[in-house]
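Protein chains in written order, with our numbering: chain A, 237 to 453; chain X, 425 to 669.
No wet-lab data here; the hints were simulated from the structure.
C-beta: ideal position from N, C-alpha, C; glycine also.
Errors might be hidden in some of the hints.
Unchecked claim - Here are some chain A residues pointing at chain X (derived, C-beta under 8 angstroms):
1) GLN288
2) ALA356
3) ALA361
4) MET362
What the hints assert, rightly or not - Every beta carbon over 12 angstroms from chain X, so not counted as near; a handful from chain A, in silico:
5) SER283
6) VAL292
7) TYR293
8) LEU324
9) GLY344
10) TRP354
11) TYR364
12) VAL371
13) THR384
14) TYR424
15) TYR431
16) GLN443
17) TYR444
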Amino acid sequence: MTVEFSLWALLQSLADGAKWTVALSALAFLFGGATGLLILFARMSRSRLLRQATRVYIEVFQGTPLLMQLFLIFFGLSLAGLEVSPWLAAAVGLTLFSSAYLAEIWRGCVEAVPRGQWEASSSLAMSYLEQMRHVILPQALRLAIAPTVGFSVQVIKGTAVASIIGFIELTKTGSMLANATFQPFLIYGLVAASYFLLCYPLSLYAQYLERKLHVSR
Amino acid sequence: MSLVDIRGVHKHFGSNHVLKGIDLAVEPGEVVAIIGRSGSGKSTLLRTLNGLESIDAGEIEVDGTALKAHQDSAEQLRSLRLKVGMVFQQFNLFPHLSAGENIMLATTVVQGMDQESARDTAKAMLLKVGLQDKFDAYPDQLSGGQQQRVAIARALAMSPRVLLCDEITSALDPELVNEVLAVVKQLAAEGMTLIMVTHEMRFAREVGDKLVFMYQGLVHEYGDPRELFAQPRTPELASFISSVM
Numbered sequence: 237m238t239v240e241f242s243l244w245a246l247l248q249s250l251a252d253g254a255k256w257t258v259a260l261s262a263l264a265f266l267f268g269g270a271t272g273l274l275i276l277f278a279r280m281s282r283s284r285l286l287r288q289a290t291r292v293y294i295e296v297f298q299g300t301p302l303l304m305q306l307f308l309i310f311f312g313l314s315l316a317g318l319e320v321s322p323w324l325a326a327a328v329g330l331t332l333f334s335s336a337y338l339a340e341i342w343r344g345c346v347e348a349v350p351r352g353q354w355e356a357s358s359s360l361a362m363s364y365l366e367q368m369r370h371v372i373l374p375q376a377l378r379l380a381i382a383p384t385v386g387f388s389v390q391v392i393k394g395t396a397v398a399s400i401i402g403f404i405e406l407t408k409t410g411s412m413l414a415n416a417t418f419q420p421f422l423i424y425g426l427v428a429a430s431y432f433l434l435c436y437p438l439s440l441y442a443q444y445l446e447r448k449l450h451v452s453r
Numbered sequence: 425m426s427l428v429d430i431r432g433v434h435k436h437f438g439s440n441h442v443l444k445g446i447d448l449a450v451e452p453g454e455v456v457a458i459i460g461r462s463g464s465g466k467s468t469l470l471r472t473l474n475g476l477e478s479i480d481a482g483e484i485e486v487d488g489t490a491l492k493a494h495q496d497s498a499e500q501l502r503s504l505r506l507k508v509g510m511v512f513q514q515f516n517l518f519p520h521l522s523a524g525e526n527i528m529l530a531t532t533v534v535q536g537m538d539q540e541s542a543r544d545t546a547k548a549m550l551l552k553v554g555l556q557d558k559f560d561a562y563p564d565q566l567s568g569g570q571q572q573r574v575a576i577a578r579a580l581a582m583s584p585r586v587l588l589c590d591e592i593t594s595a596l597d598p599e600l601v602n603e604v605l606a607v608v609k610q611l612a613a614e615g616m617t618l619i620m621v622t623h624e625m626r627f628a629r630e631v632g633d634k635l636v637f638m639y640q641g642l643v644h645e646y647g648d649p650r651e652l653f654a655q656p657r658t659p660e661l662a663s664f665i666s667s668v669m
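Modelling step: build the complete structure from the supplied sequences, incorporating the hints.
Set out below in structure tokens:
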């Protein structure tokens, strides 16, 4: 049985789904950023154990598909007796995924600050934390803005896999509509266009920042 | 006792034996010029004096603060670096801070000066290097010579007992060298203790109190610069002088 949908109704449903995509992306990006900052400091700490542990953490999340990570969290936790909603599993999974990538992106930015900056601040008798706080991180931050905004695009597209564990966001809404209307090409075209509308402004913004921050200090 | 005492300092980079037992004493107010071919260990020696390079054997003592091989805790390094200022070839100003803020950073953060006195100190230091009107300029708005003078002001603001200068004019365009050398000359005249690695032979001869010629990781010749330039005692120094002058 086919249900007739007006184009307007389709767009409204997709917009509802897109809201959840945005919510999930924002959550993953914010919590992922906060966690990523902790990982960054652990990754660069003087403790060998911490460095190794964070290296393993980063390798695991970068070296396995996001989908598998979500499966393991969603099904693994319920095996352990914890009932997790798709929403929670998706949020936790994407947060961990983002934290691993952001920590690596930011580590690259910290390492891109010239050695002379460390030497100059060292020779002014500044401690490690003082150097980080006043000399290294302000410069690394400037380098990090553009790739970080760029990564947020990856997070938005990454939320699509949450549809597979049943979280109703843009992609899941799209597949439900496609099943109901038998117009998969139209629906998935609209879904893709929606992702593009979300991501393209961010990509442009990242390019703009990159140019601007390269020219000025 | 000397202000700076270097005793039996050895340093290896992997299998490369860079410093092979350096002994050197620097008296308060002396200007010591270190010269030598690249790879002779002169920059490495300078960098051991504020702990930017660790040492493998020997001892370094500056104004009562000693640093021994394998004994360089953060606390020891800090107290040494409070007495030893350094100026680098590449200036290494903090690009995100204005000239004034570059100078104020360590005096406020490390020495705990309040903003008001730090600002006054920074202004006084900029005046000393002839850049009193550049307080708010950012490093990329300054010429190389001006950047280097800010770097000197930044080091001086910490009131070091010794100032290390690591080839501080080598990255400058020829026409900017003199404005930096003039500042150094003035510091020397005021009685600042200076240890400088330099390629400016004329400057070393005119301003230096002592000349150190490094050769293959050792102090090969040491003495009065005017005498050594006029009459090198070893063929190595003679050939070095004739190759650079």
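Evaluated hints:
1. GLN288: Nearest chain X Cβ about 23 angstroms off; hint violated.
2. ALA356: At about 4 angstroms, which falls below the 8 angstroms cut-off, the nearest Cβ of chain X leaves the hint on ALA356 (chain A) intact, so it holds.
3. ALA361: holds (4 angstroms)
4. MET362: holds (6 angstroms)
5. SER283: Nearest chain X Cβ is 15 angstroms from SER283 (chain A), so the label holds.
6. VAL292: The claim holds: VAL292 (chain A) sits with its nearest Cβ about 28 angstroms from chain X, beyond 12 angstroms.
7. TYR293: holds (28 angstroms)
8. LEU324: Holds: least Cβ distance 40 angstroms, greater than 12 angstroms.
9. GLY344: Label holds. Min Cβ-Cβ 18 angstroms, cutoff 12 angstroms.
10. TRP354: Label violated. Min Cβ-Cβ 9 angstroms, cutoff 12 angstroms.
11. TYR364: violated (8 angstroms)
12. VAL371: violated (6 angstroms)
13. THR384: holds (18 angstroms)
14. TYR424: holds (46 angstroms)
15. TYR431: holds (36 angstroms)
16. GLN443: Given a closest Cβ separation of 22 angstroms, the condition holds.
17. TYR444: Correct as stated: the minimum Cβ-Cβ distance to chain X is 20 angstroms, above 12 angstroms.
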